[in-house]
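Keeping their order, the protein sequence lines are chains A and B.
For the first sequence, this note's numbering begins at 1 and goes up steadily by one.
For the second sequence, this note's numbering begins at 1 and goes up steadily by one.
Relax, there's no trap hidden among the hints.
Heads up, the list lumps identical chains together, so a pair's fine if it works in one copy or across two of them.
Below 20 Å or equal to it, Euclidean Cα-Cα: the simulated SDA-like pairs (lysine to any residue) are:
id	residue 1	residue 2
1	K160	A191
2	K8	D109
3	K206	S108
4	K8	T192
5	K160	R14
6	K8	E195
7	K31	Q170
8	K8	S108
9	K8	G222
Don't read these hints as lab results, they were simulated from the structure.
Predicted model, so just to flag it, every value in this text is computed and none were measured.
Protein chains: 2
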Amino acid sequence: MPYNELRKDYLLNRWVVIATERSRRPTDFAKPKAEGAKSAVCPLCVGNEHMTPPAVMLYLKGNGEVRVSKDPPAGERPRNWLVRAIPNLYPAFSPPKQAGDEQQVLQSDCFGYAIGEHEVLVESPNHDENPADAALPQLELVVNAYMDRLRELSAKPYVKYVSIFRNYGQEAGASLSHAHSQIIATPTIPATIQEELDASKNFYDKHQKCVFCDIVEKEVQGPRLIYENADFAVFAPYASINPLEFWILPKRHASNIRSLTKPEAAAFAKTLKASLRALKDLVNDPPYNYGFHLAINQEAQDYYHWHLEVYPKLSIWAGFEKSTGIYINTVTPETAASELRKSLKLYTFE
Amino acid sequence: MPYNELRKDYLLNRWVVIATERSRRPTDFAKPKAEGAKSAVCPLCVGNEHMTPPAVMLYLKGNGEVRVSKDPPAGERPRNWLVRAIPNLYPAFSPPKQAGDEQQVLQSDCFGYAIGEHEVLVESPNHDENPADAALPQLELVVNAYMDRLRELSAKPYVKYVSIFRNYGQEAGASLSHAHSQIIATPTIPATIQEELDASKNFYDKHQKCVFCDIVEKEVQGPRLIYENADFAVFAPYASINPLEFWILPKRHASNIRSLTKPEAAAFAKTLKASLRALKDLVNDPPYNYGFHLAINQEAQDYYHWHLEVYPKLSIWAGFEKSTGIYINTVTPETAASELRKSLKLYTFE
Chain A
1 MPYNELRKDY LLNRWVVIAT ERSRRPTDFA KPKAEGAKSA VCPLCVGNEH
51 MTPPAVMLYL KGNGEVRVSK DPPAGERPRN WLVRAIPNLY PAFSPPKQAG
101 DEQQVLQSDC FGYAIGEHEV LVESPNHDEN PADAALPQLE LVVNAYMDRL
151 RELSAKPYVK YVSIFRNYGQ EAGASLSHAH SQIIATPTIP ATIQEELDAS
201 KNFYDKHQKC VFCDIVEKEV QGPRLIYENA DFAVFAPYAS INPLEFWILP
251 KRHASNIRSL TKPEAAAFAK TLKASLRALK DLVNDPPYNY GFHLAINQEA
301 QDYYHWHLEV YPKLSIWAGF EKSTGIYINT VTPETAASEL RKSLKLYTFE
Chain B
1 MPYNELRKDY LLNRWVVIAT ERSRRPTDFA KPKAEGAKSA VCPLCVGNEH
51 MTPPAVMLYL KGNGEVRVSK DPPAGERPRN WLVRAIPNLY PAFSPPKQAG
101 DEQQVLQSDC FGYAIGEHEV LVESPNHDEN PADAALPQLE LVVNAYMDRL
151 RELSAKPYVK YVSIFRNYGQ EAGASLSHAH SQIIATPTIP ATIQEELDAS
201 KNFYDKHQKC VFCDIVEKEV QGPRLIYENA DFAVFAPYAS INPLEFWILP
251 KRHASNIRSL TKPEAAAFAK TLKASLRALK DLVNDPPYNY GFHLAINQEA
301 QDYYHWHLEV YPKLSIWAGF EKSTGIYINT VTPETAASEL RKSLKLYTFE
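Next comes chain A alone, as it looks inside the complex:
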């Protein structure tokens, strides 16, 4: 039938109109690069460590090897770091200030306190070393840092979820241009993740199988596959709500990234770099957001499956999306995959 398609997300009750009648080629989205509003002094660059709070975790240059300092001496701000996690100066969530506070997060069914953690993960001493261009060994350190921070934060008694995400480009909400991610630990499980947990548990109870394992099996054989290797599959999800959206799913079932093996972490870094590079080359280095979806609660380990969702910021969610929850996407996921696949093939792996 000659209509736009309505598609529902694999798990969420989230519908999108795949607007093929107003469809656009991915390259239509390429925009001239705006000159970034470079602040005179970057607080995340080497030499400016005094501008940020002392790190809570440091990867330091040693004698030819990387030294991890998980509990740096209070107040010290060494300059020989490779990756560092620092508290956000303006935290959305902050740690308990006195014993017992963490018991009182929810005061009613509509009011509570934002107790948790909010960190900035500085990904490199090099201002512009974003994942699409980073040297692989450096990006592997970033992935390791994600794992380290997740282990550390998810062990805290007041933490029920850890959101690891990245904003790239001013239009995607990055207020600093230095390569960095953010990590927010929350005292409740966020609504989007809870809806995924519920739906994947339902699927598991019905089919004795992880729904994401099922999705990977199907998507690697279909038109939405962008790239795969032994450990990961990259594809445009069936009900993408953004033009050129893609997800990275591990082939080995795991509910979070706490226990990735060293080769898996390296493979993830490579997969992340290759796919972000494909996006960058295809549409002139666009802004994007990415976020890990994962579960840290023990009972979800069989039915939930961690993954990374990458949302290029190429369109604007406007009045319709904001008042209905229905999205309109003018690039079909199949076209997105085909273009990103071609772009990725031109990239030579190191």
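Got chain A sorted already, so can you dock chain B onto it with the hints?
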């Protein structure tokens, strides 16, 4: 306790961090006005009617009165219009192309066809006559046109919901700068509205009262009230997800705007103009989206209560919001209300 607040929406399972620790004054959001990318020729201006499909509804200048043409002669494109509704050239939803198609909207639980309607409502012959500056008689025509289109579209057998919304400014997704709204009729009830319907029905079953009537009664007495008159209340909602967000609720219970009285429609136009004018004056004419929330199904008439939500576009939803569904708002609704109240008081009603 010295923490940011976590607040839940009145109805939706949607939480926001009211980030007072990183709080900003509303006037911090005032930005120099970007020069709008004016297209050489505006397809919505008088004289360019040939650039758009013929109108499906016209309000025409008559002999000192407005003549409504609900079914204009096919192919005619008169120029003496005051308000006109035209089919969107690139519709997200489109009408059934043959009998029976509308029976087949949903093909499975994750796939369907976007059968419906998608119209552009041109609000004035004057390119820049947006609600904050419009003459009240003209804005009353716009409100009447919303009512007329809702009556017309909601009577179609394949329509389950009608979304009436407005995008103002490029950053809020308006691709044309001529004063206009959009109307999308959908073949299913959108997720956000369904969640509100379910929650308000629950409240009604429990308390034999409309939850929105309850909200109005409370908010008009509290610190989040911005403005009220005999027919409407304007307030910053308790769990605002946007800086300077405000809602307009009618005091008389009604589930939609099909049966507003003439004085109510005039009062709504006045209320809309005054509150958008207050926003414009406060932060230098910012971009915004607004959307009506309403119910057209008979059974919801007792428990659902129509309203308008106005979302100024002053911040960016980034990786955290997009991957968790938790929002961060750096202006407290109480501050927003106080500033908008002051700004509104400076405005002289006609």
